[in-house]
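**Q** For reference, the chains in residue letters:
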Amino acid sequence: MSLATKVSQTRAVTSLAGTTRTRTTLRHRLVRLAERATTPLLPADYLDLFDPLRPGADLRGRIVAVQPETTDAATIVIRPGADWAGHVPGQYVRIGVDVNGIRQWRAYSLTHGPRRDGRISVTVKAVPDGLVSTHLVRRARVGTLIHLEQAAGDFVLPTEGGRFLFVTAGSGITPVIGMLRNLFPVTDSGVVRLARSTRYDIVVVHVAPREPDSIFAAHLRELDAVGAIRLVAHFTDEHGSFDVDALGQLVPDLTERQTLACGPAGLLDDLQTHHGQRGLDLQTEQFRAARVAIGDGGAITFAGSGAKVSADGGTPILDAAEEAGVLMPSGCRMGICFGCVLPLRSGSVRDLRNGAITTATPGETAGRGVLVQTCISAAAGPCELDH
Amino acid sequence: MTVLQKKPDNPIAHLTATDIEQIGIELDDIRQSVIDTRGESDANYIRTVINAQRKLELGSRAVLLASFFPPAWILGTAGLAVAKIIENMEIGHNVLHGQWDWMRDPKIHSTTWEWDHASPAEQWKHAHNELHHTYTNVVGKDNDLGYGIMRVDEDQRWVPLYLAQPLWNFLNACVFEYGIAAYDLELGRNLRSKKRRQSPEFKARAKQVLHKIRKQMTKDYLIHPALSGPSFLSTLGANATANLIRNLWSHSVIMCGHFPEGVETFERRSIEGETRGEWYLRQMLGSANISGSKAMHFMTGNLSHQIEHHLFPDLPSNRYAEIAPQVRALFDRYGLTYTTGSLPRQVASAWKKVIRLSLPNDFGRKRRAEVRPMPASHPTPAAAAA
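Line order of the protein sequences matches chains A and B.
This note's numbering runs 15 ahead of the 1-based position in the first sequence.
This note's numbering runs 140 ahead of the 1-based position in the second sequence.
There could be a bad hint or two in this list.
[As the list claims (entries may be wrong)] Derived list of chain B stretches under chain A, where covered just means 3 residues or more per stretch with a C-beta under 8 Å from a C-beta of chain A: (1) 190-204; (2) 245-251; (3) 257-270; (4) 335-346; (5) 362-370.
In short, the hints are calculated from the structure, not lab data.
We put the beta carbon where it would ideally sit given N, CA and C, even for glycine.
Build the full structure now, drawing on both the sequences and the hints.
**A** Right, dumping it as structure tokens:
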């Protein structure tokens, strides 16, 4: 509840003044009164104790179900806060979840179209070194409060319909399943073909290591069986590794279709080349940023001033930056006062006291980055600070 | 206490440079053991405390809406005093130390937190985290030694003004949060010269403090009393009482941290080129603990584990109790005195020192010297006996 937040809130209220001027003034006065009664906190800090999902609260959600999909994947059903603005199938949501007490942010595709009960869902596959995915699949508990941002992303189907090819690999199926469920909902009596779905002609080429571990494989088969989509399933244990050059044979009318692809970087790069050579349109979606290599020392970039400082692995960022003439906040210079913290936007730093590595991946942090103490942190590879 | 380096029996004379570095290594290991196991249960702890504190405050203020009814006044005032103490000590002080920054929760972070206190978090962090925790008990550098208004060390020069320091100390205790705000502003130093008084930096900071104080006072002495309508005056009294209780309590606890007998102070020179081990050693000898129940530790914001807090100011406060026996064993192994005592004992010890040092160092001795006859003209006791 920094003062800054508070000021901006007050201003937001002020700017509402206009058509319903008197009402706004009254409301504004009440808000001011409530703020005066709760200072130095905000009224929201107390309201959050009782209803963290109320209108006007920071966007959060509550886990209402954890449904296993395969042995290492689960769908997390979430009741979003009142201010959830809805989403278009194919979009993703950024989720902030506490793992071992530490807030981590990740983006996941929404795997349902807008649901009648207002809930949203993400389907997560636990990857071997995946801190958050493993936590969500294995340890997420119903009732847990998580943090959300509004849905985002333009990996969506045009509303006017058309002929499409989806190329997905592994959990790359998740945004696509959101779109398919929205067009062809499955009820107790089977797949429903809604009127809006008649405008779409869809082929799905799905690549996965083996069928039993493949998320939504059964769902895709079902849609294929009733003719809602045409499925080309490629399981590498059965069919060998996938070659994008085979696309032309697998999908003879490839050139008449718009391609949307989601999967690992390797596949997307290959597709880019393949489609580029043929002059075909390609829309891609990838979440996982490339892993940062952890090194010893490196170039430190200051996003605000644009300054670039190169430092070895034994020099605190604070010292290296000051040496190069960057004006830095500082304090005790021994790691105790927290007067020098700055947001790390990307890259890794090493705590010189115990060697602990802190890594910031864009899109996986809250706000401006992970706050690090510059007086006891050295660059561990190239890194960027928001200062 | 007197500056350690001038003492006839220096309590660290038996330690070699290697010993001191070894102490540093062992303390680093203790710190690391907490960091390695820091996680969900700690996060749950601080969230539970914050949640409970806010509900206690809300509940107490709600009860005070009917404060004209005496039982409501007593219950509400007691609840509010406890809520305010927890807010400042176990929550505010420790969050502002960055003890919970590792959670990466922007709502519980040293860079965003503001507390129910006259001193703005920003200014308090500078004076406390940066100056006091770095220069702990270094005479002339650590203003916490007597807060710049008292003499708490033989090596601070005596002036007649100090005769009144027991009174200052009591008055300061009553309005402690304002005392701290003034102290964080370095009011004494800044008001002395015209140049300092008129510097834009000082003016801006003073304005910030006055703004904070105005908001704090409006809340406790205007808004909440007004909300209780006919109970206006009794609610105002209740809020003032709760603030007074918190001031007296936090003043007592904080006096116990560095003032009791047995705590060492250091020469300015001695910290030049100080190693990590030497810094640790200074924290070990410059702090005193309070022994007591779990509830007492909690209500002091775990500042009762002052030694552990000064060694590891950024470790979560709920973990100090667990490492205290290891720290104490280390003191024993290296032949150092772990200063600790019950709350009444340590408060009495600190007050005794405030009273004793209000007089010049040689006050008692001088008087004795006057009554004692000159040895040259009288036989010594031994000679007389012979």
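**Q** Now look at each hint and say whether the structure bears it out.
**A** So, going through the hints one by one against the coordinates:
no.	hint	verdict
1	190-204	holds (count 4)
2	245-251	holds (count 6)
3	257-270	holds (count 4)
4	335-346	violated (count 0)
5	362-370	holds (count 3)
Hint compliance for this structure: hint 4 alone is broken.
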